[in-house]
Amino acid sequence: MNNNKLKDVALVFFKLGCFAFGGPAAHIAMMEQEVVTKRQWMTRDTFLDLVGATNLIPGPNSTEMTMHCGYERAGKKGLFVAGIAFIFPAIFITALLAYLYVAYGHLPK
Amino acid sequence: MELAILGTLVLTVSLFGVSEIIALLAAGVLGMGYFYIKERRQGHLYSFLPFTMFLTLGVSLFKIETLQVFFTFLKVGAILYGSGYVLFAYLDAELVSKGWLSRVELIDAIAVGQFTPGPVLSTSTFIGYQLSGFPGALAATVGIFLPSFLFVLLLNPLIPRMQNSKILRYFLDSVNVAAVAVMLAVLLVMAQKTLIDWKSITIAVIASYLTFGTKLSPIWNIIMGAVLGFVLVRFF
Numbered sequence: 001m002n003n004n005k006l007k008d009v010a011l012v013f014f015k016l017g018c019f020a021f022g023g024p025a026a027h028i029a030m031m032e033q034e035v036v037t038k039r040q041w042m043t044r045d046t047f048l049d050l051v052g053a054t055n056l057i058p059g060p061n062s063t064e065m066t067m068h069c070g071y072e073r074a075g076k077k078g079l080f081v082a083g084i085a086f087i088f089p090a091i092f093i094t095a096l097l098a099y100l101y102v103a104y105g106h107l108p109k
Numbered sequence: 110m111e112l113a114i115l116g117t118l119v120l121t122v123s124l125f126g127v128s129e130i131i132a133l134l135a136a137g138v139l140g141m142g143y144f145y146i147k148e149r150r151q152g153h154l155y156s157f158l159p160f161t162m163f164l165t166l167g168v169s170l171f172k173i174e175t176l177q178v179f180f181t182f183l184k185v186g187a188i189l190y191g192s193g194y195v196l197f198a199y200l201d202a203e204l205v206s207k208g209w210l211s212r213v214e215l216i217d218a219i220a221v222g223q224f225t226p227g228p229v230l231s232t233s234t235f236i237g238y239q240l241s242g243f244p245g246a247l248a249a250t251v252g253i254f255l256p257s258f259l260f261v262l263l264l265n266p267l268i269p270r271m272q273n274s275k276i277l278r279y280f281l282d283s284v285n286v287a288a289v290a291v292m293l294a295v296l297l298v299m300a301q302k303t304l305i306d307w308k309s310i311t312i313a314v315i316a317s318y319l320t321f322g323t324k325l326s327p328i329w330n331i332i333m334g335a336v337l338g339f340v341l342v343r344f345f
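Read top to bottom, the protein sequences are chains F and V. The letter at position 19 of the first sequence is residue 19 when you use this note's numbering, and the numbering goes up by one with no holes. One rule links them: number in this note's numbering = place in the second sequence (from 1) + 109.
FYI, nobody ran anything at the bench for these hints, they're computed from the structure. Please note: incorrect hints may appear among the correct ones.
[Unchecked claim] Think about it this way: if two alpha-carbon atoms lie no more than 35 Å apart in a straight line, the pair counts; the simulated DSBU-like pairs of lysine-lysine are:
(1) K5/F - K275/V
(2) K324/V - K38/F
(3) K275/V - K38/F
(4) K308/V - K15/F
(5) K302/V - K324/V
(6) K302/V - K38/F
(7) K77/F - K324/V
(8) K15/F - K77/F
Quick caveat, the model's predicted, so the values are computed rather than measured.
Could you build the full structure based on these sequences and the hints that come with them?
As C-alpha cells, then:
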C-alpha cells in the first residue's frame with residue numbers, strides 16, 4: 001500500500017516536473033490542482049499553510065512544496081521521492097544543454 | 110476583514126521593493142500581535158524565529174575542484190530565499206566576482222534554468238558542468254538542493270504544532286496572506302514587463318479565461334500559452 005502511494009507521488013511530481021514552466025507561482029497553482037482538487041491528498045487550508053510555511057524557509061519554494069506534499073502523502077520517503085521526481089526532468093535537460101554548450105560554445109538558437 | 114488589509118499592505122510594500130522575507134515576517138508578527146490582543150485570551154507566547162542557516166565555509170580559491178563546487182552551491186542553497194529570482198545576485202557574488210565564471214556565462218546559465226521546466230535552480234547543474242564536467246554538475250545539483258530537503262524534513266513535523274497552537278495559528282494565517290500578496294506582487298511586476306503587445310495580451314486574456322472560467326488543468330493552460338506564443342510570434 002505504501003509502495004503504491006510512493007509510486008503515485010513519483011508519478012505526479014515527475015509529470016509536474018516535465019511541465020512546470022513559468023516560475024514558482026505557476027508551479028504552485030499546478031500542484032494545488034493535482035494535489036488538492038484532483039487527488040484530495042490534503043485540504044486546501046493545509047496546502048495554504050504549507051505555502052505560508054515554505055515561504056519562511058530558505059530554498060526554492062515550489063520544489064519545497066513538492067517535498068511537503070510528498071511527505072504529507074507518503075512520509076519521509078515520499079519527501080525524497082517527490083523532490084527528486086520534480087527536479088529530475090529539469091536537471092536532465094539542463095545537463096544535456098550544458099554538454100552542448102561546452103561542446104559548441106554558445107546556446108542553441 | 111483584517112487579513113485583507115494585511116494582504117494589501119504586504120502587496121504595497123512588495124511593489125516598493127521591500128524584500129519578501131521581511132514583508133512576510135513583519136506580516137506574521139503584526140498579525141499575531143493584533144489577533145492576540147483582539148482575542149485577549151490568556152496563553153503562552155512562543156517566539157518563533159524562522160530557521161535561517163548560514164554556512165561559513167573556508168573554500169580555498171586557487172583551484173576549482175568538485176568539492177569546492179559542492180560547498181559553494183550548498184551555501185547558496187542554504188541561504189537562498191524566496192522564488193529563485195534572486196539566484197542571479199547570489200551566483201554573481203559567489204562565482205563571477207571570484208573569477209570562476211564570466212558574467213555572460215552566468216546569464217546564459219540562468220537563461221537555461223528558466224527555459225527548462227522545473228525550478229530555475231537547475232541552473233546549478235549547468236554551471237557545475239561548466240566548472241568541472243559531469244562530477245561538477247552532480248556536485249552543484251546535490252549541493253544546491255540538499256538544504257531544501259533538510260529544511261522541509263525539519264519544518265514539516267512542526268506545521269501541525271503551529272496549526273494547533275492558537276498564537277502560532279495567527280502567525281501562520283498572517284504569513285499565508287502575506288505569501289499570497291507576494292505572489293500577487295510578482296504577478297503585477299511580471300505583467301508590466303510582459304504585457305507589451307497585442308500578442309502577449311491575447312495569450313493573457315485566453316489564459317485568464319481558462320483559469321477562472323473553466324476547470325482545465327493549469328498544465329494544459331501553460332502548454333496552450335507556449336504553443337500560442339510560438340504561433341503568434343512565428344506568423345505575425
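We went through each hint and held it up to the structure:
Straight-line distance between C-alpha atoms of K5/F and K275/V comes to about 32 Å, which keeps the hinted pair within the 35 Å bound. At most 35 Å may separate the alpha-carbon atoms for a hinted pair to count; K324/V and K38/F meet this at roughly 11 Å. About 30 Å separates the Cα atoms of K275/V and K38/F, which keeps this hinted pair within 35 Å; it holds. For the given pair, K308/V sits about 28 Å from K15/F by alpha-carbon distance, which is consistent with the 35 Å threshold.
Note on K302/V and K324/V: the hinted pairing holds, with a Cα-Cα distance of about 28 Å set against a maximum of 35 Å. This hinted pair checks out: K302/V and K38/F have alpha carbons roughly 33 Å apart, not beyond 35 Å. For a cut-off of 35 Å, the pair hint linking K77/F to K324/V stands: about 32 Å separates their Cα positions. Proposed proximity of K15/F and K77/F is supported: the alpha carbons are some 18 Å apart, at most 35 Å.
Checked against the numbered hints given earlier, this structure breaks none of them.
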